[in-house]
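Next come the chains, spelled out residue by residue.
There are 10 protein chains.
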Amino acid sequence: MLRGIPSLISPELLKILMEMGHGDEIVLADGNFPAASHAQRLVRADGHGIPELLRAIAKLMPLDPYVDRPAALMQVVPGDKTETPIWGVYGDILREEAGLDVPFEHVERFAFYERARAAHAIVATGEGALYANVILKKGVLPAN
Amino acid sequence: MLRGIPSLISPELLKILMEMGHGDEIVLADGNFPAASHAQRLVRADGHGIPELLRAIAKLMPLDPYVDRPAALMQVVPGDKTETPIWGVYGDILREEAGLDVPFEHVERFAFYERARAAHAIVATGEGALYANVILKKGVLPAN
Amino acid sequence: MLRGIPSLISPELLKILMEMGHGDEIVLADGNFPAASHAQRLVRADGHGIPELLRAIAKLMPLDPYVDRPAALMQVVPGDKTETPIWGVYGDILREEAGLDVPFEHVERFAFYERARAAHAIVATGEGALYANVILKKGVLPAN
Amino acid sequence: MLRGIPSLISPELLKILMEMGHGDEIVLADGNFPAASHAQRLVRADGHGIPELLRAIAKLMPLDPYVDRPAALMQVVPGDKTETPIWGVYGDILREEAGLDVPFEHVERFAFYERARAAHAIVATGEGALYANVILKKGVLPAN
Amino acid sequence: MLRGIPSLISPELLKILMEMGHGDEIVLADGNFPAASHAQRLVRADGHGIPELLRAIAKLMPLDPYVDRPAALMQVVPGDKTETPIWGVYGDILREEAGLDVPFEHVERFAFYERARAAHAIVATGEGALYANVILKKGVLPAN
Amino acid sequence: MLRGIPSLISPELLKILMEMGHGDEIVLADGNFPAASHAQRLVRADGHGIPELLRAIAKLMPLDPYVDRPAALMQVVPGDKTETPIWGVYGDILREEAGLDVPFEHVERFAFYERARAAHAIVATGEGALYANVILKKGVLPAN
Amino acid sequence: MLRGIPSLISPELLKILMEMGHGDEIVLADGNFPAASHAQRLVRADGHGIPELLRAIAKLMPLDPYVDRPAALMQVVPGDKTETPIWGVYGDILREEAGLDVPFEHVERFAFYERARAAHAIVATGEGALYANVILKKGVLPAN
Amino acid sequence: MLRGIPSLISPELLKILMEMGHGDEIVLADGNFPAASHAQRLVRADGHGIPELLRAIAKLMPLDPYVDRPAALMQVVPGDKTETPIWGVYGDILREEAGLDVPFEHVERFAFYERARAAHAIVATGEGALYANVILKKGVLPAN
Amino acid sequence: MLRGIPSLISPELLKILMEMGHGDEIVLADGNFPAASHAQRLVRADGHGIPELLRAIAKLMPLDPYVDRPAALMQVVPGDKTETPIWGVYGDILREEAGLDVPFEHVERFAFYERARAAHAIVATGEGALYANVILKKGVLPAN
Amino acid sequence: MLRGIPSLISPELLKILMEMGHGDEIVLADGNFPAASHAQRLVRADGHGIPELLRAIAKLMPLDPYVDRPAALMQVVPGDKTETPIWGVYGDILREEAGLDVPFEHVERFAFYERARAAHAIVATGEGALYANVILKKGVLPAN
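Chains as they are written, first to last, in UniProt numbering: chain S, 1 to 144; chain L, 1 to 144; chain D, 1 to 144; chain U, 1 to 144; chain R, 1 to 144; chain Z, 1 to 144; chain W, 1 to 144; chain X, 1 to 144; chain C, 1 to 144; chain P, 1 to 144.
To be clear, the hints were calculated from the coordinates, so they are not data collected in a lab. Heads up, a few of these hints could be off.
[What the hints assert, rightly or not] Straight-line distance between alpha carbons at most 20 Å, and here's what the computed SDA-like set of lysine to any residue pairs gives:
| # | chain 1 | residue 1 | chain 2 | residue 2 |
| --- | --- | --- | --- | --- |
| 1 | R | K81 | X | A39 |
| 2 | R | K15 | U | R41 |
| 3 | X | K81 | W | V67 |
| 4 | S | K15 | Z | G4 |
| 5 | C | K59 | C | I16 |
| 6 | W | K15 | X | R41 |
| 7 | P | K15 | P | V140 |
| 8 | R | K81 | X | L141 |
| 9 | C | K15 | X | V67 |
| 10 | Z | K81 | P | P142 |
| 11 | U | K81 | U | R41 |
| 12 | X | K59 | C | K59 |
| 13 | U | K59 | R | P6 |
[Said to hold, decoys possible] Counterexamples of contact, computed for chain U against chain L with all Cβ distances above 10 Å:
| # | residue |
| --- | --- |
| 14 | P11 |
| 15 | E12 |
| 16 | A39 |
| 17 | R44 |
| 18 | P62 |
| 19 | Y66 |
| 20 | V77 |
| 21 | G79 |
| 22 | K81 |
| 23 | L100 |
| 24 | D101 |
| 25 | A111 |
| 26 | R117 |
| 27 | G128 |
| 28 | Y131 |
The model shown is predicted, which means the values in this text are computed figures rather than measured ones. Heads up, the beta-carbon is just placed ideally off N, CA and C, and yes, glycines get one too.
Start from the sequences, fold in the hints, and give me the full structure.
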């Protein structure tokens with residue numbers, strides 16, 4: 001444990017967030033996402049929900065201001081009746097932490113898989129909600 | 001050994017089943033299948049038949065409800081007279097464990113090999129029956 | 001995710017629990033424990049408290065009936081005023097899950113470190129309570 | 001699969017048996033043995049009983065004629081009432097396959113662990129009987 | 001050394017032969033073949049001729065009955081006067097061990113290289129005869 | 001780069017600082033220290049002086065309150081006239097960041113080497129001052 | 001430390017510079033560049049600005065005389081108002097160290113990423129200026 | 001050191017020369033060649049000129065009699081005035097050691113790079129002459 | 001294959017022989033020797049007898065002139081009636097190739113094992129004779 | 001190749017020299033030294049004499065001023081008539097490059113081996129002179 005680092009961020013996850021640069025993407029994958037088969041770098045966060053991880057990451061990592069929508073969600077498959085109230089939770093978090101009003105791009109399921117496969121890393125969470133996966137694109141920071 | 005985990009499921013196999021996500025496939029390969037040359041991840045289950053493995057896995061892992069037929073068999077090569085009574089055994093197991101009536105897609109031999117090559121893992125069993133290979137596609141679970 | 005496996009148990013942790021045998025020990029280490037420097041096998045469980053992990057593990061893994069006290073706690077260093085109410089929580093969990101009334105041995109701090117160094121694995125949790133480390137010794141199961 | 005090799009002998013186990021030489025020891029460990037923590041080389045044989053493995057190995061591998069008792073069992077811990085009928089099964093197998101009448105040395109539990117730690121390999125079986133572990137010391141063969 | 005395994009079959013070669021399945025190919029490469037640069041899995045058998053290896057392998061491993069010619073030779077390059085009496089030796093061996101009368105396909109030199117590159121393994125022998133390379137395609141066995 | 005993490009802390013160094021626990025030690029080694037030959041884990045920080053690293057680390061990582069002097073310096077070898085004004089700089093930094101007045105233990109040169117060899121990690125800096133090595137012992141944090 | 005090697009050049013960086021040959025490229029990446037995801041070989045130089053690294057490297061490594069412009073910069077994205085005064089600093093350094101007046105090619109952002117992906121190595125610096133990345137193409141030296 | 005092996009041939013280089021087969025190519029690269037970035041297998045021979053290596057290799061390894069020109073040189077880039085007297089030295093060596101009068105194919109610079117990338121190995125020498133790189137294609141030997 | 005290197009010397013064995021220096025020992029182990037469990041570096045030479053390997057090695061590698069007896073044999077265990085005619089064969093080979101009349105030290109069985117464990121390498125042959133193991137101690141060569 | 005680095009210093013050797021610190025030792029081993037079996041880190045410099053390497057290293061690396069004799073030679077074994085004129089060459093080089101008049105400690109053969117085993121690295125040269133091994137102990141440098 002270090003001062004100012006939330007304990008649900010693992011050392012490996014923090015290292016990967018630091019190594020990411022402008023335009024690199026990270027996937028917060030729900031418990032049903034095929035993370036191990038799609039990840040270039042896999043970080044386990046078993047047992048954690050995505051909202052608390054999203055908030056912790058959004059505090060540490062800026063989102064990309066060079067694109068219109070620096071976050072992406074997986075569209076509900078046509079015909080599937082699943083509701084996605086967790087998207088509202090994500091919206092609130094990104095509004096509070098990143099000042100973004102309409103941050104989300106919506107991506108068809110298999111296109112989402114392809115984008116996850118190209119992402120810098122995937123975080124395998126225990127999130128139980130369906131369609132709860134979210135991709136974040138990193139922005140830039142001035143030197144510190 | 002742990003409570004509730006059948007002893008024929010090896011630690012490595014259980015880990016791989018857990019790491020699989022929605023849509024990932026696993027091949028239960030008979031003793032003559034070219035498993036080592038086709039597997040992205042190879043798990044040995046030498047000396048075990050497929051029916052007992054299939055039942056143990058079906059108890060632990062849900063099958064994909066987003067496709068019509070979440071399991072696949074290798075078609076008998078035209079001209080080959082081999083009978084495949086083991087398919088009936090598989091059907092009974094999936095009916096009992098997964099509540100599926102017509103779970104099987106039938107795939108031509110070389111197409112089956114290509115699909116096995118793309119699968120998340122292959123389990124190399126000692127199953128002696130011919131044409132006994134079976135592919136399972138994982139489904140989704142609510143959080144637990 | 002698999003049926004019957006709590007989502008806070010990571011695939012790697014489950015694999016290690018399965019591979020452990022009679023007399024092997026596992027340390028559930030609090031957030032301040034020097035886990036990386038002492039572990040023969042290190043499993044990360046960042047952000048999780050020990051009580052929920054202890055309960056999940058105690059459901060899966062039997063404790064050793066061949067020793068008087070199959071669990072161990074780190075003694076408070078003489079002069080340190082820290083209270084350890086979490087020990088009562090652990091006691092309740094082991095009473096409920098393992099039927100043990102007096103399960104704990106109390107081990108001096110540096111002796112505890114040496115025993116942790118010899119343990120089969122250490123789980124690095126985010127538990128914030130002090131003196132919250134606990135060692136579990138695995139028992140035996142009949143075949144299943 | 002190859003002609004003449006029983007399908008419960010995995011490729012890795014056969015390779016290790018071949019690489020062993022005069023005086024090297026292999027442990028057939030029951031399902032409760034701490035195999036992963038004691039093995040220099042670990043072979044998994046989950047779900048298999050020891051008798052069928054013992055017979056298959058005894059057919060392939062000679063036992064050491066330079067010692068009085070080329071096999072060893074773990075003594076029942078004093079006070080433990082467990083019966084060990086499986087020892088008789090082992091005795092029958094070694095009589096039939098190796099022509100030995102009194103093959104077994106009996107080793108105290110913790111001395112057995114130390115000897116297992118020095119052995120060339122440990123096979124982790126799913127054998128459910130208690131005190132079912134057995135150590136085999138390899139002998140010599142004329143050239144073939 | 002094990003009973004019934006010829007001593008010129010190395011532990012690694014036997015393991016690879018066991019792991020091969022229906023349709024997998026293995027190349028027995030003469031001393032001049034570019035084995036290291038073409039092999040997916042390379043096994044050294046320095047100093048051995050191919051005929052004794054071919055006979056030992058043919059005793060253990062069935063050839064593929066689903067193709068007309070389960071073995072392949074490299075055609076002599078046009079204009080090269082080299083004689084290939086060793087092909088007759090190979091023919092005799094496969095007739096005796098596998099009951100095949102016309103087992104060989106003849107493959108142009110660079111096509112042979114490509115097929116070797118896709119093979120499961122290459123055995124680098126010390127065979128001194130030219131054009132002595134041979135590819136074997138594995139068949140199926142009933143359970144044992 | 002992440003918010004709040006100074007850019008001279010490398011991702012690997014931050015990961016190691018996070019993984020350290022109570023009582024683990026880290027060496028900030030000057031440019032002449034034999035870091036590669038003594039380190040269990042080596043982190044390069046070429047071209048950086050120790051004062052800026054010490055300040056950055058002291059902001060993130062608590063020092064051990066269970067020992068009298070949680071930092072250590074290498075004593076000047078008897079007969080060596082070297083002055084060590086940098087020790088005063090270190091004292092100021094630890095007073096400001098950790099509130100410690102007399103934080104330093106002074107350790108004989110070869111005893112210092114042995115302690116460095118047992119430390120969790122060594123950071124190889126480009127610090128040009130002589131006798132500028134410093135060891136820090138990590139403390140505890142409440143959960144966050 | 002060695003005589004004549006600046007301490008901000010790490011051992012690994014010097015080794016890579018030595019191993020590079022005529023036409024190989026190295027990227028000096030600013031703190032926001034996606035270095036870890038694009039690098040074939042990644043060298044960390046956290047906390048260092050690019051100008052001092054550029055000067056140190058230009059003293060050691062010749063630039064390619066076979067191309068018109070042996071260095072490359074990333075073009076400012078259209079619409080972005082960022083100024084790039086650091087380019088002037090780079091120009092001065094290359095004029096002084098390499099005698100080049102117009103060394104820079106200007107490359108569109110995504111083309112720059114592709115070229116970085118093909119480069120021999122990327123140095124991840126802590127440079128805080130935006131658009132501060134620079135690619136260097138190595139030249140030739142007579143024997144020494 | 002072994003009898004009959006020149007001391008400038010390293011153990012690794014000799015091993016690679018032995019493992020090469022008919023048609024495999026090896027590049028002797030001068031000190032400016034981008035060896036590390038192009039090599040499938042890289043052997044260092046720092047500080048050695050190519051002529052002595054060429055002679056030592058030509059004594060051990062036959063050249064390919066199935067192609068017209070079993071060696072290749074890099075063409076001088078159009079407009080470059082560099083002289084290549086070392087080519088004459090190479091010609092003398094191959095005449096004396098391999099009995100070849102016109103052994104060299106001349107390959108355009110970037111085509112040479114591609115061929116080097118496909119070669120079995122590259123030897124990185126310290127040769128100071130420019131355009132001194134040479135590719136050798138291995139031939140066949142009768143059994144010994 | 002290379003000129004002058006016998007084809008039963010594998011590339012790996014030749015590399016190890018080259019890397020050995022004055023006083024280093026190599027064991028030529030018969031088919032029953034526990035080579036894999038005792039070797040620091042293991043080279044397989046399955047299917048070969050020791051006499052032909054001994055002759056090939058003795059031609060390449062000098063024996064140590066600084067000790068009285070640069071070769072060692074394993075003594076027959078007291079009570080064992082085995083004859084060792086192969087020792088005479090070894091004596092003839094070393095007389096012819098190394099000019100030694102009484103080259104052999106005789107070492108008790110378990111002392112021989114310890115010495116093998118400390119040797120630089122063990123060659124696992126297929127030699128069928130019993131007590132056929134031999135240790136060679138390397139000597140010195142003038143530069144070549 | 002880089003400016004100012006002699007081409008007989010390999011990239012790996014330079015990296016190791018840089019990583020060494022005060023008191024670390026490096027062995028320049030002649031062609032007969034058992035380098036591979038004694039080295040913690042082995043660098044090959046086949047075909048090179050020690051004098052040119054010694055001079056190149058002495059230019060780059062300071063010797064230890066804290067000990068009386070920062071270099072060491074292997075004593076001639078009693079009874080051995082070998083002359084060691086190369087020691088005078090070494091003395092001249094260290095006088096010219098390091099300003100040392102009596103730099104050499106003389107160490108008995110087996111004590112020399114033990115010291116080499118503890119050294120940071122061994123450079124395996126092709127030096128043909130006997131008793132030509134030399135150990136160098138690194139000193140300190142002010143920051144650059």
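Hints, verified against the model:
1. R:K81 x X:A39: violated (36 Å)
2. R:K15 x U:R41: Between K15 of chain R and R41 of chain U the Cα gap is close to 16 Å, so the pair holds against 20 Å.
3. X:K81 x W:V67: With a Cα-Cα distance of about 16 Å, the restraint between K81 of chain X and V67 of chain W holds, given a limit of 20 Å.
4. S:K15 x Z:G4: holds (14 Å)
5. C:K59 x C:I16: Holds, at roughly 15 Å.
6. W:K15 x X:R41: Holds, because 18 Å separates the two Cα atoms, which is no more than 20 Å.
7. P:K15 x P:V140: holds (17 Å)
8. R:K81 x X:L141: At roughly 16 Å apart (the allowed maximum being 20 Å), L141 of chain X and K81 of chain R satisfy the hint.
9. C:K15 x X:V67: Answer violated: K15 of chain C to V67 of chain X is near 30 Å, above 20 Å.
10. Z:K81 x P:P142: Measuring from Cα to Cα gives roughly 15 Å; hence the hint holds.
11. U:K81 x U:R41: Violated. K81 of chain U to R41 of chain U sits at ~32 Å, over the 20 Å cutoff.
12. X:K59 x C:K59: Given that 20 Å is the threshold and the Cα spacing comes to 19 Å, the pair holds.
13. U:K59 x R:P6: holds (15 Å)
14. P11: Per Cβ check, P11 of chain U is inside 10 Å of chain L; nearest 8 Å; violated.
15. E12: violated (7 Å)
16. A39: Holds: least Cβ distance 13 Å, greater than 10 Å.
17. R44: violated (5 Å)
18. P62: holds (23 Å)
19. Y66: At about 32 Å from chain L, Y66 of chain U clears the 10 Å cut-off, so the statement holds.
20. V77: The claim holds: V77 of chain U sits with its nearest Cβ about 19 Å from chain L, beyond 10 Å.
21. G79: holds (23 Å)
22. K81: holds (21 Å)
23. L100: Given a closest Cβ separation of 25 Å, the condition holds.
24. D101: Nearest chain L Cβ is 29 Å from D101 of chain U, so the label holds.
25. A111: holds (24 Å)
26. R117: holds (20 Å)
27. G128: violated (7 Å)
28. Y131: holds (15 Å)
When the structure is compared with the earlier hints, violations turn up for hints 1, 9, 11, 14, 15, 17, 27 and for no others.
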